[in-house]
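Peer 1: Chains as they are written, first to last, in this note's numbering: chain E, 1 to 112; chain H, 1 to 111.
Worth flagging that the hints you see were computed from the coordinates, not collected in a lab.
In this text the structure is predicted, and so the values were computed from the model without any measurement.
For glycine and all other residues, C-beta sits at the position ideal for the given N, C-alpha and C.
Please note: incorrect hints may appear among the correct ones.
As the list claims (entries may be wrong) - Short derived list, chain H residues pointing at chain E, Cβ under 10 Å:
| hint | residue |
| --- | --- |
| 1 | 2 |
| 2 | 29 |
| 3 | 34 |
| 4 | 36 |
| 5 | 39 |
| 6 | 41 |
| 7 | 47 |
| 8 | 49 |
| 9 | 93 |
| 10 | 95 |
| 11 | 96 |
| 12 | 98 |
Stated by the list, open to error - The calculated lysine-lysine pairs, modelled on DSS-like cross-linking and capped at a C-alpha distance of 27 Å, are:
| hint | chain 1 | residue 1 | chain 2 | residue 2 |
| --- | --- | --- | --- | --- |
| 13 | H | 110 | H | 59 |
| 14 | E | 42 | E | 57 |
| 15 | E | 57 | E | 78 |
| 16 | E | 42 | H | 37 |
| 17 | H | 50 | E | 42 |
| 18 | E | 42 | H | 67 |
| 19 | H | 26 | E | 42 |
| 20 | E | 42 | H | 59 |
What the hints assert, rightly or not - Just the calculated beta-carbon pair ranges, DEER-fashion:
| hint | chain 1 | residue 1 | chain 2 | residue 2 | range |
| --- | --- | --- | --- | --- | --- |
| 21 | H | 67 | E | 8 | 42 to 50 Å |
| 22 | E | 62 | H | 110 | 39 to 47 Å |
| 23 | E | 40 | H | 1 | 15 to 23 Å |
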Amino acid sequence: EPEVTQTPSHQVTQMGQEVILRCVPISNHLYFYWYRQILGQKVEFLVSFYNNEISEKSEIFDDQFSVERPDGSNFTLKIRSTKLEDSAMYFCASSTTTDTQYFGPGTRLTVL
Amino acid sequence: QQPVQSPQAVILREGEDAVINCSSSKALYSVHWYRQKHGEAPVFLMILLKGGEQKGHDKISASFNEKKQQSSLYLTASQLSYSGTYFCGTEGTGNTGKLIFGQGTTLQVKP
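Work out the full structure: start from the sequences and follow the hints.
Peer 2: So, in structure tokens, the structure goes:
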């Protein structure tokens, strides 16, 4: 069964450093998303992406964040200058339409 | 804007039933239900689109009352594998897929 994959599974970085989180969505999916979950809290929407552009973003998704689909398979989330409060689990999700979204296993980001 | 789930936590014995509710103050296009086990990704359970349709598979079903902006998830004859945190995600427009998740309901099923 096709699934969303994410790398790395755990990323440790120093405050102020740039990080890139990578995702490979399910191959025939057209809509891509990033969510984050701070430990013990709810899942929060960051951004949705369709047809090579952002379709919606949340207040969390400020100028420090960017997304890209550099080729036909990868979908990346870049955080330009990480802060302590960016420490969280980041989930990528994909869907064929805007309906059923399938989540990847997540990348745990730890900012020191 | 965030949907409100109730109860916050439930403890059941195997074979018992549970209902988890999700309420929104805004008009909804759809409600998505996910289960998350500790340290894992949310796993999709089902989606309900506006129209009030009730869906289900196996012993898990859900309803969506569009007028009341509420959805309920029904777990019958619970199994140990049902343990986890259940999240409802709501979508207002159906255009972008943006899901706003509730705070979650922790379900623990004991033998």
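Peer 1: All hints, please: hold or fail.
Peer 2: Evaluation of the provided hints:
1. 2: Nearest chain E Cβ about 8 Å off; hint holds.
2. 29: For residue 29 of chain H, the interface hint holds, since the closest Cβ of chain E sits about 9 Å away, which is under 10 Å.
3. 34: 8 Å, holds
4. 36: 8 Å, holds
5. 39: 9 Å, holds
6. 41: Status holds, d = 4 Å.
7. 47: 6 Å, holds
8. 49: 8 Å, holds
9. 93: With a closest approach of 9 Å, the residue 93 of chain H hint holds.
10. 95: This interface hint holds because 7 Å falls under the 10 Å limit.
11. 96: At about 4 Å, which falls below the 10 Å cut-off, the nearest Cβ of chain E leaves the hint on residue 96 of chain H intact, so it holds.
12. 98: 5 Å, holds
13. H/110 <-> H/59: Between residue 110 of chain H and residue 59 of chain H the Cα gap is close to 17 Å, so the pair holds against 27 Å.
14. E/42 <-> E/57: With a Cα-Cα distance of about 17 Å, the restraint between residue 42 of chain E and residue 57 of chain E holds, given a limit of 27 Å.
15. E/57 <-> E/78: Measuring from Cα to Cα gives roughly 14 Å; hence the hint holds.
16. E/42 <-> H/37: 13 Å, holds
17. H/50 <-> E/42: The given pair, whose Cα atoms are some 24 Å apart, holds under the 27 Å limit.
18. E/42 <-> H/67: 26 Å, holds
19. H/26 <-> E/42: 19 Å, holds
20. E/42 <-> H/59: 25 Å, holds
21. H/67 <-> E/8: 42 to 50 Å: 46 Å, holds
22. E/62 <-> H/110: 39 to 47 Å: 44 Å, holds
23. E/40 <-> H/1: 15 to 23 Å: Hint holds: Cβ distance 21 Å, inside 15 to 23 Å.
In summary, the structure agrees with every hint in the numbered list given earlier.
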